[in-house]
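J.: The primary structure of each chain is shown beneath.
Number of protein chains: 2
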Amino acid sequence: MNNPVHKSNKAIFRPFQGLLLFLLLLSSLHAYSENGYDLWLRYSLIENEAIRTQYTQFSSKIRVAGNSPTINALKSELMTGLNKMLDITPQISSVSTESYALIIATISNLPDNADITGMPEINDEGYIIMTQNVNGNERLIVTARTDIGLLYGTFNLLQLMQQQRDLQNIEVASSPRINLRLLNHWDNLDRTVERGYAGASIWNWQKLPEYIDQRYIDYARANASIGINGTVVTNVNANALILTPQYVDKVKALADVFRPYGIKVYLTARFSAPVELGDLDTADPLDPAVQEWWNVKANEIYNQIPDFGGFLVKANSEGQPGPQNYGRNHVDGANMLAAAVKPHGGIVMWRAFVYSPDEGADRASQASKEFVPYDGQFAENVLVQVKNGPIDFQPREPFHPMFGAMPKTPLMMEFQITQEYLGFSTHLVFLPKLFQEVLHSRTYQPNRNTRVADIIAGTEGNQALTGMAGVANIGSDINWTGHIFGQANWFGFGKLAWDPDYSLEQIAEEWLKMTFTPDPEFVNSFLPELLESREMPVSYMTPLGLHHMMDAGHHYGPGPWISNMSRPDWTSVYYHKADKSGIGFDRTTTTGSGAVNDYAPELAKLFNDPATTPEELLLWFHHLPWTYKLKNGRTLWDNLGMKYQEGVDEVGQMLETWKSLRPYVDEERYEEILMHLNIQFKEAKWWKNACMLYFQEFSEMPFPPEMTVPDKDLSYYKSLKFPYAPGIRPSWD
Amino acid sequence: MNNPVHKSNKAIFRPFQGLLLFLLLLSSLHAYSENGYDLWLRYSLIENEAIRTQYTQFSSKIRVAGNSPTINALKSELMTGLNKMLDITPQISSVSTESYALIIATISNLPDNADITGMPEINDEGYIIMTQNVNGNERLIVTARTDIGLLYGTFNLLQLMQQQRDLQNIEVASSPRINLRLLNHWDNLDRTVERGYAGASIWNWQKLPEYIDQRYIDYARANASIGINGTVVTNVNANALILTPQYVDKVKALADVFRPYGIKVYLTARFSAPVELGDLDTADPLDPAVQEWWNVKANEIYNQIPDFGGFLVKANSEGQPGPQNYGRNHVDGANMLAAAVKPHGGIVMWRAFVYSPDEGADRASQASKEFVPYDGQFAENVLVQVKNGPIDFQPREPFHPMFGAMPKTPLMMEFQITQEYLGFSTHLVFLPKLFQEVLHSRTYQPNRNTRVADIIAGTEGNQALTGMAGVANIGSDINWTGHIFGQANWFGFGKLAWDPDYSLEQIAEEWLKMTFTPDPEFVNSFLPELLESREMPVSYMTPLGLHHMMDAGHHYGPGPWISNMSRPDWTSVYYHKADKSGIGFDRTTTTGSGAVNDYAPELAKLFNDPATTPEELLLWFHHLPWTYKLKNGRTLWDNLGMKYQEGVDEVGQMLETWKSLRPYVDEERYEEILMHLNIQFKEAKWWKNACMLYFQEFSEMPFPPEMTVPDKDLSYYKSLKFPYAPGIRPSWD
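Chains as they are written, first to last, in our numbering: chain A, 1 to 733; chain B, 1 to 733.
Honestly, I wouldn't trust all of these hints.
[Said to hold, decoys possible] Straight-line C-alpha distance at most 25 Å; calculated DSS-like pairs for lysine-lysine:
no., chain 1, residue 1, chain 2, residue 2
1, B, K721, A, K252
2, B, K408, B, K342
3, B, K252, A, K712
4, B, K631, A, K252
5, A, K369, A, K408
6, B, K342, B, K369
7, A, K718, A, K685
8, B, K629, B, K580
9, B, K252, A, K252
10, B, K342, A, K721
11, A, K408, A, K433
12, A, K369, A, K342
13, A, K659, A, K631
14, A, K682, B, K580
15, B, K342, B, K264
16, B, K580, B, K718
17, B, K682, A, K252
18, A, K659, A, K629
19, B, K682, B, K629
20, A, K685, B, K252
21, A, K264, A, K252
22, A, K659, A, K712
23, A, K577, A, K369
24, B, K408, B, K580
[What the hints assert, rightly or not] Residues of chain A placed beyond 10 Å of chain B at every Cβ, according to the derived structure:
no., residue
25, A173
26, I478
27, W570
[Said to hold, decoys possible] If you anchor each label on the Cβ, the simulated ranges turn out as follows:
no., chain 1, residue 1, chain 2, residue 2, range
28, B, E300, A, E210, 44 to 52 Å
29, B, R448, A, F722, 40 to 48 Å
30, B, I170, A, K721, 34 to 42 Å
To be clear, the hints were calculated from the coordinates, so they are not data collected in a lab.
Please read these numbers as outputs of a predicted model, since none were measured by experiment.
We treat Cβ as the ideally placed atom computed from N, Cα and C, and that holds for glycine.
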């Protein structure tokens, strides 16, 4: 068995799988069994002699200038990486007098003969990696304006090495285009994780602050390696206790671990905290006592955590308290908190995910209707955090119409890395492609060529604050994300937060090489599957612009029949509106909700007409007859069935491709991914069968010949119950 | 730095701990950083040349006879162990024609010249390890009556090697003295673990049955390596859903993983399941429809899991339903379930942990009063599972008086490995010493020399069924038990379940050698600390026979002032009865509850008189004046203070000893244990201060000079709140 990896430190045998596997084992005892904990920082030994020789030369004489916790972290990572990749114990000097093969120093600390003129400008977090020829000898330079820049540069250098890239004449100059690159943890103080599918929260609040789990350090390493520079450690459905001294001490311990890695800690602020913590009888943002309470609270926190990032707030949404409870508005609430943290350099991220009191209003328009009128009224240290689409992290949504509609307000992007609506941690879905699809969507406002990426990167408004947040898919599972491929979504989010125009192919290729093997046979085989995997759940869950058809509460599996919830816009029938006449949500100006007008006129015009609406969004904007003809000349009904089948078949194909790659992957991770792909294949069929059987009750048409006929009837699929599906909000349990 | 272990596969550096540590790292980059996942199955490379040569010779020519999933598991473990300890790839043959250096075969498969006459008899799970000289060549033989016996023997051989024991002329013959050696998991279907302090449940019910976590396999390996042969995977506070086909399919997947390792799966049966699952309107055990429901349910389960072990039941206790809800008794309930599983060879474990409806009754007598009269009435496939003491897993309790009082009933021991009352997973406490203290306690009935161990091993009653259960301390934490030393309690429980007379020193030494290093410097230094650690929490929490003084609900930290709960016998004041006149629970016949009479007359006589009551149980049986003189001539009050202080000081000493062993332990585990010891030291002082300040309100006496005066006042300790302490039962949250 051609296994490119190394010596085992774990038994990898599954006896219950019988003798065949046992014989396999006999021949592969030395196969390095991995559990996925090391993420993309595996630093496995480089077996390519030429490459290893080149890297070893560059590592023969190393200078790292400076001395700070960040520099120490840099040195540690460098030594660990070089030691494991090259099997050497590198010696690192800090003196400047000699000539080195590798120099890592801020620009001000570079030797005189180190010439970086001609390289692009970099900002304070950016870095340069370049080789220079000094009297015949090539040397490698990593430089930056700051220690953090050097850390990012060093991580990048180690990643280039893991990818076994030729470093001769390398020239890299990279700066992040977005200031705030944050993870949002929907983690509760009891260690449950709302919409978490990778075990319990990694935050062990009971043992903090005294006990520092190695995971906290490795979490910081992993995030710094992809440029993430902030983390909101608590759930947006917030608990006021996190603001008490008992818990702030624990948060401080985390902040101390993360600081050397350039990561700031943020907290969610429960708006009613002044009341719940027993100090006041109101949380009215215009009440001076309330304002003073938050000022004092901010001082308490900053006394412990001088570089505390600030607050993330979910207010007046899904039962969370907010300014409206006191007859005030979002501007009043956000600006009060902003004033409290401003003296300390903190910020407030105010979420736009709100519900209209008018349950009849089109769900897709509610946030826009409420927030757009406030454009320009928020304090300068406030960002409004907007989900990528107007509904709620569906497999595919058009971009959120607020992007482009609030030119005087810094809008922060909120993506969901955890797969609440995309198969939990059992489905392989490459989300960076979803993220970039949104980032590259043209908003047509303020300018004709403006894209969502330009809005959040501030290149349009030139605002000081820019940000992108990803709802983390991280938990206590040994492999962090439940599914090994969930790591790719964490990795890719970081890369796109650093540069929204980072190539998807490159993200996928880098991650595959570092996570498994740079062997081109492996990479070239699975790279296309990974890129296509983003479209698969769209096809087998919600094709052609359908959305919000999952089962209620836990959101696991199909539930197009869900029709009875406390709000109509929490049901499935509200969104697909299937009936005898057809299917889809009419958001046109002529006969529908008019939500198309939330977009720029150019887009509104396109979306207002089925003929000019992109087919992948057709039923998002239009209610169309089952017999409506699509571009391929087939009926909408046939196309639905074909799309569902296509999604299933593509997963089946991906599964077969994975099986063919057995020789390139260690036993444990190969088996884990294989089991997950089998579950995904089974559940893709489940979605197809449940949805098509349900819709057939309205269409009353035969399934298209391309579609495999369901082997069970609708009542079976309706009967399935999952009382303990993970990630559900306790209060909904 | 003299570090006896090997190459790193993980960054182990804590930059926030600053430069000193960083310099340490420079010199120890090759230190093998371990996360504790491998437990005592690390199989680290043996550097002692002589020993490795001897083992390599024995491994040069190996025969393993037979072919079964168990034999495959045996071969896998043998190859993994030899490969890692000796850095060889062993070749294993199954043919019998040649002469081998190591032969692993059942007695019936041994070569004719393999003579085991003269070795002690072994039972079906026992094994023999011996060397034999065959024409000048020494060979090693592992033999047994069954494949499982061979697996146990092979695990034991690998453990001898990890301890670097000389195998020349080795002769081992070992058989388990107790049939049922079980773990009890108090794991809920939502992955919370009642009284669990090591993260979420390792059972990922959502991904079962399709997804087999590597943990399930390694869990089976670890248990088999110490002889555990059964596991109850669900909480005794039971959920009827586990009995539905949807979940039985998941349990079957676990059973299939565990079977090759000789581990049977058991479930907790919720007594009201026939009603809760919607099939019947009663669960009356004498109702034929109810009996039939359980018969059908048992058939369902055994169709999926032919070797299903049976049911564990908590009935009519702490709100759990039971036969008394229908006017029936424990015998009626247990025998009904027993009848359902009997045709399939299953058993019922019926817990004796019950509460008397009469809240005035002495808590210590309630189980005895209720169960002893039933002696001889239970069906032959029922065991009554009794906690080690009459209250509830306190740091020290006298043995449970039911042991010895029910000669016609198989009593199964229930120990708690998880540290509900012993510092959660932050305190280092060597529980095997607590376990053996109970097992070696003399019951004086039925015979004068009978010990608890003899009762549960059945050597008195000769009953067919014997068993010992340990409430697991296992969770999803990477190191399984939260605290590395928690692994020693899992390990030691297994060893004592196999043989209640196994030497504690040997358990401690074996575990230290395999978990860290066989280096005598290390082992000899920490072995005494480990053995003494059992007494420390007794001293700093509940000295001199005090009990049940923890905070309410979560049981974390001291709460001697707890006085207001829904039952008086859930409070602390009920148990310590401190007042101006003195402290302690009077259980004498003369002035007290008379609970001493639950014991044999010889013991009742001893316990009835403070002068003849062992001092470590003094306040368990007597309420004594603060000025009562103990053997050392000092007052009870002074002795209390001295004991509390002693516990604190001993933890401080253990902490210093650990620091001195830095050179022998890898960075990650050394730091983890150091942080935990610091927390334990802090919390020991907390217990001492809170309890002594509280009791001083009654004694009104000055603290003894030996005792460090508390630095805070009582109101501070009373004010501490821990709303999200782990392990609490959700319904109490």
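J.: So, for every hint listed, does it hold in this structure?
T.: Hint by hint, here is what the structure shows:
1. Annotation: proposed proximity of K721 (chain B) to K252 (chain A) holds, straight-line Cα distance about 19 Å (limit 25 Å).
2. With a CA separation close to 19 Å, the supplied pair K408 (chain B) and K342 (chain B) stays within the 25 Å bound.
3. Using a Cα cut-off of 25 Å, the hinted pair K252 (chain B) and K712 (chain A) holds, with the two alpha carbons roughly 24 Å apart.
4. For the suggested pair K631 (chain B) and K252 (chain A), the alpha carbons sit about 49 Å apart, so the restraint of at most 25 Å is broken.
5. At most 25 Å may separate the alpha-carbon atoms for a hinted pair to count; K369 (chain A) and K408 (chain A) meet this at roughly 16 Å.
6. Of the supplied pair hints, the one linking K342 (chain B) and K369 (chain B) is violated, its CA atoms being roughly 28 Å apart against a limit of 25 Å.
7. Taking the CA atoms of K718 (chain A) and K685 (chain A), the gap is near 15 Å; set against the 25 Å cutoff, the hint holds.
8. Distance restraint check for K629 (chain B) and K580 (chain B): the Cα-Cα separation of roughly 16 Å lies within the 25 Å cut-off, and the hinted pair is therefore satisfied.
9. Proposed proximity of K252 (chain B) and K252 (chain A) is contradicted: the alpha carbons are some 45 Å apart, above 25 Å.
10. A distance of roughly 32 Å separates the Cα atoms of K342 (chain B) and K721 (chain A); the hinted pair therefore is violated under the 25 Å criterion.
11. For the hint pairing K408 (chain A) with K433 (chain A), the CA-to-CA distance comes to about 29 Å; that exceeds 25 Å, so the pair is violated.
12. In summary, the hint linking K369 (chain A) to K342 (chain A) is not supported, as the alpha carbons are separated by about 28 Å, beyond the 25 Å threshold.
13. For the hint linking K659 (chain A) to K631 (chain A), the alpha-carbon distance of about 36 Å lies beyond 25 Å, and the restraint is violated.
14. A distance of roughly 70 Å separates the Cα atoms of K682 (chain A) and K580 (chain B); the hinted pair therefore is violated under the 25 Å criterion.
15. Distance restraint check for K342 (chain B) and K264 (chain B): the Cα-Cα separation of roughly 16 Å lies within the 25 Å cut-off, and the hinted pair is therefore satisfied.
16. Using a Cα cut-off of 25 Å, the hinted pair K580 (chain B) and K718 (chain B) holds, with the two alpha carbons roughly 20 Å apart.
17. Between K682 (chain B) and K252 (chain A) the CA atoms are separated by roughly 19 Å; this keeps the pair inside 25 Å, and the hint holds.
18. This hinted pair does not check out: K659 (chain A) and K629 (chain A) have alpha carbons roughly 38 Å apart, beyond 25 Å.
19. Distance check on the hinted pair: K682 (chain B) and K629 (chain B) sit about 30 Å apart at the alpha-carbon level, beyond 25 Å; violated.
20. Under the criterion of a C-alpha separation no larger than 25 Å, the hint pairing K685 (chain A) with K252 (chain B) is consistent with the structure, at around 24 Å.
21. The hinted pair formed by K264 (chain A) and K252 (chain A) meets the criterion: a straight-line CA distance of about 11 Å does not exceed 25 Å.
22. Distance check on the hinted pair: K659 (chain A) and K712 (chain A) sit about 28 Å apart at the alpha-carbon level, beyond 25 Å; violated.
23. For the hint linking K577 (chain A) to K369 (chain A), the alpha-carbon distance of about 23 Å falls within 25 Å, and the restraint holds.
24. This hinted pair does not check out: K408 (chain B) and K580 (chain B) have alpha carbons roughly 45 Å apart, beyond 25 Å.
25. No beta-carbon of chain B is positioned within 10 Å of the beta-carbon of A173 (chain A); the least distance is around 26 Å.
26. Listed as outside the interface, I478 (chain A) is inconsistent with that label: its C-beta sits roughly 6 Å from the nearest C-beta of chain B, within the 10 Å cut-off.
27. In this structure W570 (chain A) is separated from chain B by more than 10 Å, as the shortest Cβ-Cβ distance comes to about 22 Å.
28. Here the CB-CB span from E300 (chain B) to E210 (chain A) is close to 49 Å, well matched to the stated 44 to 52 Å.
29. Range check, R448 (chain B) to F722 (chain A): about 58 Å between beta-carbon atoms, so the 40 to 48 Å window is missed.
30. In this structure the hint that I170 (chain B) and K721 (chain A) lie 34 to 42 Å apart at CB is violated, the actual value being about 57 Å.
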